[in-house]
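2 protein chains.
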Amino acid sequence: MNLIPLIFFTFFCTSSHSQKEPVHSSNEASIIRSIYTKALTEGNAYEDLRFLCKEIGARITGSTEAQMAIEWSNKKMQSYGLETSLHEIQVPHWERGTKEVFYFKSSNGTHMKLRGLALGGSVGTNGMLRGDLIEFESLEALKSAKPSLVKGKIVFINQAMDAKQIQTFKAYGGCYPLRGNSASVAAEKGAVGTLIRSLGLASDPHPHTGSMYYAENIDKIPAAAICTADADQLHDFIVNNPKQDVELVMEMDCRSFPDATSYNVLGEIRGSDSPSQIITVGGHLDSWDTGEGAHDDGAGVIHCLEAFRILKTIGYKPKHTLRLVFFMNEENGNKGGKTYAKWVKENEENHFAAIESDRGGFAPRGFTCDGSEEQVEWLASLAPFFKDYDLHIFEKGYGGVDIGPLKESYPNIPLFGFVPDSQRYFDMHHSPNDVFENVNKRELELGAAAIASFIYLLDQK
Amino acid sequence: MNLIPLIFFTFFCTSSHSQKEPVHSSNEASIIRSIYTKALTEGNAYEDLRFLCKEIGARITGSTEAQMAIEWSNKKMQSYGLETSLHEIQVPHWERGTKEVFYFKSSNGTHMKLRGLALGGSVGTNGMLRGDLIEFESLEALKSAKPSLVKGKIVFINQAMDAKQIQTFKAYGGCYPLRGNSASVAAEKGAVGTLIRSLGLASDPHPHTGSMYYAENIDKIPAAAICTADADQLHDFIVNNPKQDVELVMEMDCRSFPDATSYNVLGEIRGSDSPSQIITVGGHLDSWDTGEGAHDDGAGVIHCLEAFRILKTIGYKPKHTLRLVFFMNEENGNKGGKTYAKWVKENEENHFAAIESDRGGFAPRGFTCDGSEEQVEWLASLAPFFKDYDLHIFEKGYGGVDIGPLKESYPNIPLFGFVPDSQRYFDMHHSPNDVFENVNKRELELGAAAIASFIYLLDQK
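Protein chains in written order, with our numbering: chain F, 1 to 461; chain E, 462 to 922.
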């Protein structure tokens with residue numbers, strides 16, 4: 001059965017249904033107001049996020065903490081009246097280990113300890129690894145370098161995110177290949193290790209980890225990120241001491257284990273009118289193993305959980321089936337998102353739309369749509385409902401990593417991404433600084449209210 | 462000479478001038494882009510704010526710190542190429558003193574230390590003050606109370622800011638009379654002291670001070686604010702122990718001194734075309750004596766200083782005279798704003814418009830205009846220039862406390878208020894939590910860039 005034309009038809013033709021049971025703007029405005037009031041005066045979002053961050057903590061795929069988060073989420077969804085299920089997936093299992101040190105030293109005796117983190121997926125150093133250090137200003141510069149310059153050395157790529165970008169995710173996108181590919185590019189030229197400048201905009205002491213990949217048939221060399229403050233200091237030393245030999249000494253005992261069994265957590269409110277048509281709403285439950293995964297993506301899953309709780313609390317009966325999904329393994333493999341998309345297609349489900357929150361728990365700015373012109377137009381038509389709530393971005397844009405694979409199964413499905421303010425996100429992202437204390441209660445609550453209101457308007461379509 | 466019609470004419474008729482030297486949208490967009498690039502990649506705002514907060518610190522009117530801030534600002538403006546002057550004003554001088562303690566005790570032996578701050582302008586307790594405590598849920602409830610219920614007691618008004626409001630300044634406005642007037646209302650009914658719940662939205666341990674006033678011919682009684690977390694705990698005890706007598710014991714040695722001499726700090730870039738027409742841009746240099754006045758209003762004055770520095774740096778030659786004013790004494794008397802408005806009118810100056818930043822150093826949302834319909838329409842027409850920079854509020858609204866008195870001298874002058882996101886403001890406002898660490902570098906820089914761009918567009922009018 002080819003579901004695609006049906007889905008497409010569904011999204012644009014429910015207006016006839018709406019005409020049978022008209023919902024007036026004033027009614028919509030009043031429901032949105034009641035959603036915001038619940039979120040801001042009787043909200044559970046902040047306490048639920050506190051529990052996830054402080055009582056469970058960082059929850060990298062395959063860890064005990066990730067499993068505890070799955071079990072807690074399942075019970076929490078049930079306590080809010082959702083029908084839950086756990087969907088088994090197989091996930092990578094990588095561990096940082098206990099040893100992680102980085103030193104820089106020069107021939108004139110300068111020693112400098114660098115604050116660093118192994119990149120997720122890296123091999124360890126198998127004891128102490130040392131090598132002459134060579135700095136490149138960008139991944140492109142490394143790509144252009146002669147292998148003879150790099151062979152046997154440890155490569156340091158000091159590529160900074162572009163502070164001129166107003167949307168910090170664009171600056172991140174510009175540096176993303178650096179983290180993923182630098183080890184393979186360096187190894188191909190004979191390097192023995194690689195250090196990158198952390199992907200963060202501020203000059204600060206927090207190193208940022210994140211996923212990296214090894215190309216096939218190339219030696220796997222250790223890869224780590226050092227904090228931006230130390231990257232600046234290291235760069236300055238190299239520039240100011242051109243006659244000094246510089247050496248990098250590092251040790252990491254991180255390693256990969258066989259794939260582990262894990263789960264996506266699903267919770268549903270069955271639709272009253274078109275129960276077979278599903279709206280997927282979610283974020284990812286896993287996080288990196290440093291910090292507490294508070295903004296990435298604790299805030300996102302709690303946004304969506306709280307949105308469902310509020311819709312239940314105000315007695316809203318959705319027309320479509322609303323399905324909350326806490327995806328596992330967004331950070332290093334996206335097995336949760338891929339397996340979910342495969343599974344729903346195999347089950348011949350009808351998918352109406354999907355919404356993701358994975359850009360942090362900051363003050364809401366709006367929603368973007370990965371969809372057709374008509375779908376984007378519909379999104380733009382929502383702006384008046386949100387004006388009093390300071391949301392103003394309703395335009396074409398990215399959906400999200402977890403819901404992305406749905407597009408392969410259902411090419412015409414609209415994918416909506418929640419857009420909070422992005423300015424502070426990369427101060428925390430993937431670093432020890434991504435902790436509960438750095439999430440503001442009201443900003444988190446406003447995000448949950450915006451998403452609940454958006455689900456409601458989408459369901460009314 | 463009556464300047465008013467001239468000013469009005471000026472603001473709306475410069476378009477004929479613009480037609481002589483047309484500035485195309487693409488040119489305007491390019492200048493705005495260069496302003497943002499300067500702010501985000503070669504900005505001084507964050508370091509200047511650090512200095513003001515960390516090397517000078519809290520700077521209440523009449524203090525040595527306030528004087529140091531004046532002298533530093535004057536030199537800093539000069540270093541950025543502005544022609545500066547100090548304008549003498551007389552300001553109130555109130556000091557907190559060293560002793561400030563608040564205890565709650567009940568007849569069953571419960572003791573609880575409360576985290577509080579005297580309100581600015583309060584009298585001291587002249588040693589230990591004790592009295593039975595009586596709680597009211599609001600200032601209105603106290604107003605309705607029989608004097609016999611209040612006489613000889615210490616009044617506790619536990620009125621919370623309304624979390625349902627999306628704009629936190631609206632929630633603040635709803636509680637503002639509580640802080641200013643509760644002591645007089647309580648004293649009129651015979652109370653001996655008053656405690657209010659701090660004006661903050663979060664439940665936290667930071668008490669918030671702020672200005673209070675004594676009505677004429679009413680006894681002056683001590684007034685303080687306790688933190689919201691302690692207000693909640695105190696309330697819970699009273700509700701849960703209805704049979705207990707409850708007593709409040711407090712000591713504060715704050716007091717007022719004779720008025721002191723202080724200064725507004727002015728720095729100008731003379732207009733090339735209409736130098737006699739002035740655009741005033743500013744915020745207030747004074748702060749409360751707790752914390753570091755980082756958001757209130759360190760961020761505001763640094764926004765404006767950085768805007769002028771950037772306009773100078775990119776070589777912009779303004780048509781109108783741009784005057785930067787660091788006002789003194791906004792917090793407890795607004796003598797700076799009042800004296801400035803009086804002085805410019807006495808000097809028969811032409812005032813084209815004024816801009817104020819006094820709502821914190823958060824991510825920019827837009828500008829409001831206290832002005833005529835045409836002036837608000839002009840403001841609304843700017844939205845397209847700022848779309849890529851995420852500003853979206855361009856509407857009628859408040860200008861600011863410091864520039865407010867200009868409206869009395871020039872009724873037709875448009876007053877523009879810079880509007881950053883308001884969600885976190887009242888976590889810091891007037892409390893020990895208003896420190897440099899709570900200002901985000903990029904958010905501050907984006908504010909400076911928005912204000913510089915706005916000044917540029919206004920000057921082009």
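Some hints could be false.
[To be verified] With a cut-off of at most 30 Å between alpha-carbon atoms, the simulated DSBU-like pairs for lysine-lysine come out as follows:
hint: 1; chain 1: F; residue 1: 396; chain 2: E; residue 2: 848
hint: 2; chain 1: F; residue 1: 387; chain 2: E; residue 2: 922
hint: 3; chain 1: E; residue 1: 857; chain 2: F; residue 2: 461
hint: 4; chain 1: E; residue 1: 848; chain 2: E; residue 2: 803
hint: 5; chain 1: E; residue 1: 650; chain 2: E; residue 2: 681
hint: 6; chain 1: E; residue 1: 625; chain 2: F; residue 2: 319
hint: 7; chain 1: E; residue 1: 848; chain 2: E; residue 2: 806
hint: 8; chain 1: E; residue 1: 625; chain 2: F; residue 2: 113
[Stated by the list, open to error] Distance windows between CB atoms, simulated:
hint: 9; chain 1: F; residue 1: 372; chain 2: E; residue 2: 834; range: 34 to 42 Å
hint: 10; chain 1: E; residue 1: 558; chain 2: F; residue 2: 315; range: 35 to 43 Å
hint: 11; chain 1: E; residue 1: 637; chain 2: F; residue 2: 33; range: 18 to 26 Å
hint: 12; chain 1: F; residue 1: 33; chain 2: E; residue 2: 778; range: 29 to 37 Å
hint: 13; chain 1: E; residue 1: 488; chain 2: F; residue 2: 177; range: 55 to 63 Å
hint: 14; chain 1: E; residue 1: 508; chain 2: F; residue 2: 174; range: 49 to 57 Å
hint: 15; chain 1: F; residue 1: 75; chain 2: E; residue 2: 623; range: 30 to 38 Å
hint: 16; chain 1: E; residue 1: 607; chain 2: F; residue 2: 387; range: 25 to 33 Å
hint: 17; chain 1: F; residue 1: 113; chain 2: E; residue 2: 630; range: 42 to 50 Å
No wet-lab data here; the hints were simulated from the structure. Using N, Cα and C, we set each Cβ at its ideal position, and we do this for glycine too.
Hints and how they fare:
Between residue 396 of chain F and residue 848 of chain E the alpha-carbon distance is near 14 Å, which keeps this suggested pair within the 30 Å criterion. This hinted pair checks out: residue 387 of chain F and residue 922 of chain E have alpha carbons roughly 28 Å apart, not beyond 30 Å. With a CA separation close to 33 Å, the supplied pair residue 857 of chain E and residue 461 of chain F exceeds the 30 Å bound. Taking the CA atoms of residue 848 of chain E and residue 803 of chain E, the gap is near 38 Å; set against the 30 Å cutoff, the hint is violated.
Between the alpha carbons of residue 650 of chain E and residue 681 of chain E the distance comes to roughly 12 Å, so the proposed pair stays at or under 30 Å and holds. Note on residue 625 of chain E and residue 319 of chain F: the hinted pairing holds, with a Cα-Cα distance of about 28 Å set against a maximum of 30 Å. A distance of roughly 37 Å separates the Cα atoms of residue 848 of chain E and residue 806 of chain E; the hinted pair therefore is violated under the 30 Å criterion. With a CA separation close to 49 Å, the supplied pair residue 625 of chain E and residue 113 of chain F exceeds the 30 Å bound.
In this structure the hint that residue 372 of chain F and residue 834 of chain E lie 34 to 42 Å apart at CB holds, the actual value being about 40 Å. Our hint of 35 to 43 Å for residue 558 of chain E and residue 315 of chain F is violated, since their Cβ atoms are close to 55 Å apart. Our hint of 18 to 26 Å for residue 637 of chain E and residue 33 of chain F holds, since their Cβ atoms are close to 24 Å apart. Look at residue 33 of chain F against residue 778 of chain E: about 49 Å separates their beta carbons, and that is not inside 29 to 37 Å.
Range check, residue 488 of chain E to residue 177 of chain F: about 35 Å between beta-carbon atoms, so the 55 to 63 Å window is missed. Checked against the hint of 49 to 57 Å, the pair residue 508 of chain E and residue 174 of chain F fails, with Cβ atoms roughly 26 Å apart. Residue 75 of chain F and residue 623 of chain E have their C-beta atoms about 34 Å apart, which keeps the hinted 30 to 38 Å range intact. For the pair residue 607 of chain E and residue 387 of chain F, the supplied restraint of 25 to 33 Å is violated, since their beta-carbon distance comes to about 46 Å.
Taking the beta carbon of each, residue 113 of chain F and residue 630 of chain E are about 46 Å apart, inside 42 to 50 Å as hinted.
In this structure, the hints that do not hold are numbers 3, 4, 7, 8, 10, 12, 13, 14, 16, in rising order.
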